[in-house]
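Chemist: Spelled out, the chains give:
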Amino acid sequence: MLRRASQSAGLLRMAVPKGVLFDDCVAALTAAGVDIGGLANPGRQLVIASSETEFVIAKPTDIPAYVAYGGVDVAVAGKDVLAEADLESVEMVDLGFGACRLVVAELEDAKAEVAENYRHLGVIRVATKYPRVAERHYAAKGIQVEIVKLHGNIEIAPLLGLADQIVDITATGTTLEQNRLRIVEEVLASTARFVANPSSLRTAADRISQLADSLATVSVE
Amino acid sequence: MKPVTPRGFRDVLPQEAEERIAVGDSLARTFDSWGYRPAETPVVEDYGILEQGAGSLEGTAFRLFDSDGRLLALRPEMTVPIARMVASRLKGERGPHRLRYVADVYREQASLRGQSRQFTQAGIELVGAGGAAADAEVIALLIEAISATGLVDFTVALGTVAVLGALLDASGADEAWQREVRDAAHDRNLVEIDRLAGREGLSPSVARALAEIPRLRGGRAAIEECRAHVAACGCSESLDGLEATWELLESAGVAQRVTIDFGTMRSFDYYTGVVFELLVPGVGLPLGGGGRYDELLAVFGAPAPAAGFAVGIERLHIALAEEGVVPATRGLDAVVCGSRPAEVFEAAGKLRAAGWRVRLAPGAEGKDAVSEARATGAVETLRAEGGSIFRLDRSGEPTESIPSPIPPPQALGGEVG
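Taken in sequence, the protein lines are chains H and P.
Just so it is clear: in the first sequence, position 20 is 20 by the working numbering, and no numbers are missing.
Position in the second sequence counted from 1, then plus 1000, gives you the working numbering.
Keep in mind that a hint or two might mislead.
Claimed, not checked - Here are a few chain P residues that face chain H, going by a calculated C-beta distance under 8 angstroms:
#, residue
1, 1039
2, 1043
3, 1261
4, 1279
Said to hold, decoys possible - Away from chain H, derived, C-beta distances all over 12 angstroms, residues of chain P:
#, residue
5, 1021
6, 1046
7, 1065
8, 1068
9, 1071
10, 1087
11, 1112
12, 1131
13, 1195
14, 1236
15, 1332
16, 1346
Stated by the list, open to error - What the simulated footprint calls covered on chain P by chain H, stretch by stretch (three residues with Cβ under 8 angstroms from a Cβ of chain H suffice, anywhere in the stretch; the number is not a length):
#, region
17, 1184 to 1194
18, 1291 to 1303
What the hints contain is simulated information worked out from the structure, not anything from laboratory work.
In this text, a Cβ means the ideal position worked out from N, Cα and C, and glycines have one as well.
Modelling step: build the complete structure from the supplied sequences, incorporating the hints.
Modeler: As structure tokens, this is what we get:
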């Protein structure tokens, strides 16, 4: 599990999330003075080496595992994804971009119905892409829930009668509104984080700390 | 359906098993040479007793009920069982106790995470000795034991939990906040520590120390930077133990193997002083670690200072294989064939008495015995016939006979046939 191909020529290996965080991530690295090589226009390549770093373009939800098991030394990942994975990593810098909220939401007119279901049937059904975060949230409040893990379009679950509430991510709230959903409460405020493998942080300490410091300076601006 | 092992458990085949034993034996030899004696504890412990020592084991320990309805657990590590053993069986005996073990431990793991649920740890515990001298002994022993396995590229990251504890005491803040800081430090979440350090009413020097100290790494300079922070917070003595340990490691000539790292954390809660991890570049998880746990023995009614470490044999084996320095294991010297089983048995007995490792192939033809030797890695093939032992060539034809008395095998410096 923890064995990996020997590092080529001491390049730091870094996972970069594809999707919504990608462009901000490239911008932050550039602003921090990192040589990003061909990262800005990767085409279909998944691994791109520059003079000092080997970038791995990864599915965001896979990044915590890459970091925890030492597949990469460092990475950029959303706090929401890190919280859901709950794996070992050193969270070094809040990069500030990619801000969104994980919220509990329910149908606009469903409040009484949800409360009645809980009183009568003793359980709330929750649909989410974040089952662990959702479970921890409700457990902390002492509410019994049944969690349905879905992989996308979580907003639709209440309309289909699959769930009473959802735990999902929202940046502006528009998608929730369009699906007649009302935010009940916030579970977690998320931004992109710079994280490191705990072992790499000690064996390549100087380079990782320098990178963290440059990114921290950029993220404050 | 093919029979397979449960998730996270696996079989170990001969080559790997031989190498694992060699790695474990190498560590044990170094532990022996420092006067550490082997001890064994049961695989199963009372769940409540383990939790008394280690804190919550929810989701960590394998639990089971026996037929009396008692809740038991497979040991998830060896420190608490050894502490329990020392507190009960060695109570009143003259310490300090220097104990070593090579033992299988078991941990529950969530599914689909690719983690083993059984692994082997080699470690030591030094019970009844406190202070920097004992800390330095444990760390220097770890470094010597790992070097002796042949591993070249490794580092010990050394920190202490005493500093964080003292800073929290100095903060004067409420318990809940202190708990949050401890949790964030445990999760190595520097972003969260920064946020918590921004709490209103906190003295600026404590806030700065909390945010900066987990980021300090290096050698003496890191200790000095930390010294400036803790002195400003009035808890300078919390660093004394680590500094004295570092100085002893320097004078022992092993400090170049040690990196001071105030962000070092261990997964169990019982540590009270120095904590350390064994790291190898390119291997993403620590190979082992340990630290000082001065309050654990008191939980079992026999207060005593103590420190120790454990190394994961699987991870160390992988690191050795990566470096191409897996300990050499001695293979088979010969396959002995012959048409009459009684003659094969007798010849093999004589060879073993002369120090050979032989494999019996009674009834096998010369040609088949030669291919068996090739498949099992044996150095040569022999045939027992009429009271003599003949060497066979590659086509299975006899060449010369082995003289009497039988010389030692080639692997031990015997003549080449």
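Chemist: Non-interface claim for residue 1046 of chain P: all C-beta distances to chain H beyond 12 angstroms?
Modeler: For residue 1046 of chain P, whose nearest Cβ neighbour in chain H is about 27 angstroms away, the distance exceeds 12 angstroms, so it holds.
Chemist: Since residue 1065 of chain P was said not to touch the interface, does its Cβ keep a gap of more than 12 angstroms from each Cβ of chain H?
Modeler: holds, 25 angstroms
Chemist: How about the region 1291 to 1303 of chain P: do at least three of its residues have a C-beta closer than 8 angstroms to a C-beta of chain H?
Modeler: Per the Cβ count (0), the hint is violated.
Chemist: Beyond 12 angstroms from every chain H Cβ: check whether that's true for residue 1236 of chain P.
Modeler: About 25 angstroms separates residue 1236 of chain P from the closest Cβ of chain H, which puts it past 12 angstroms; holds.
Chemist: Return the status of the interface hint for residue 1261 of chain P: holds when the least beta-carbon distance to chain H is below 8 angstroms, violated otherwise.
Modeler: holds, 6 angstroms
Chemist: Since residue 1346 of chain P was said not to touch the interface, does its Cβ keep a gap of more than 12 angstroms from each Cβ of chain H?
Modeler: holds, 47 angstroms
Chemist: Minimum Cβ separation between residue 1068 of chain P and chain H greater than 12 angstroms?
Modeler: Holds, because the least Cβ-Cβ distance between residue 1068 of chain P and chain H comes to about 32 angstroms, which exceeds 12 angstroms.
Chemist: Does the claim that residue 1112 of chain P lies outside the interface with chain H hold up, using a Cβ gap greater than 12 angstroms?
Modeler: Incorrect as stated: the minimum Cβ-Cβ distance to chain H is 10 angstroms, not above 12 angstroms.
Chemist: Please settle this one: residue 1131 of chain P was flagged as non-interface, so is its CB more than 12 angstroms from every CB on chain H?
Modeler: holds, 26 angstroms
Chemist: Let me know if the C-beta of residue 1039 of chain P comes in closer than 8 angstroms to any C-beta of chain H, holds or violated.
Modeler: With a minimum Cβ separation of about 29 angstroms from chain H (threshold 8 angstroms), the hint on residue 1039 of chain P is violated.
Chemist: Against chain H, does residue 1195 of chain P keep a CB gap of more than 12 angstroms to every residue?
Modeler: violated, 8 angstroms
Chemist: Please confirm whether residue 1071 of chain P is truly not at the interface, meaning its C-beta sits more than 12 angstroms away from all C-beta atoms of chain H.
Modeler: Check passes; 22 angstroms lies beyond 12 angstroms.
Hint compliance for this structure: hints 1, 2, 11, 13 and 18 are broken, all remaining hints hold.
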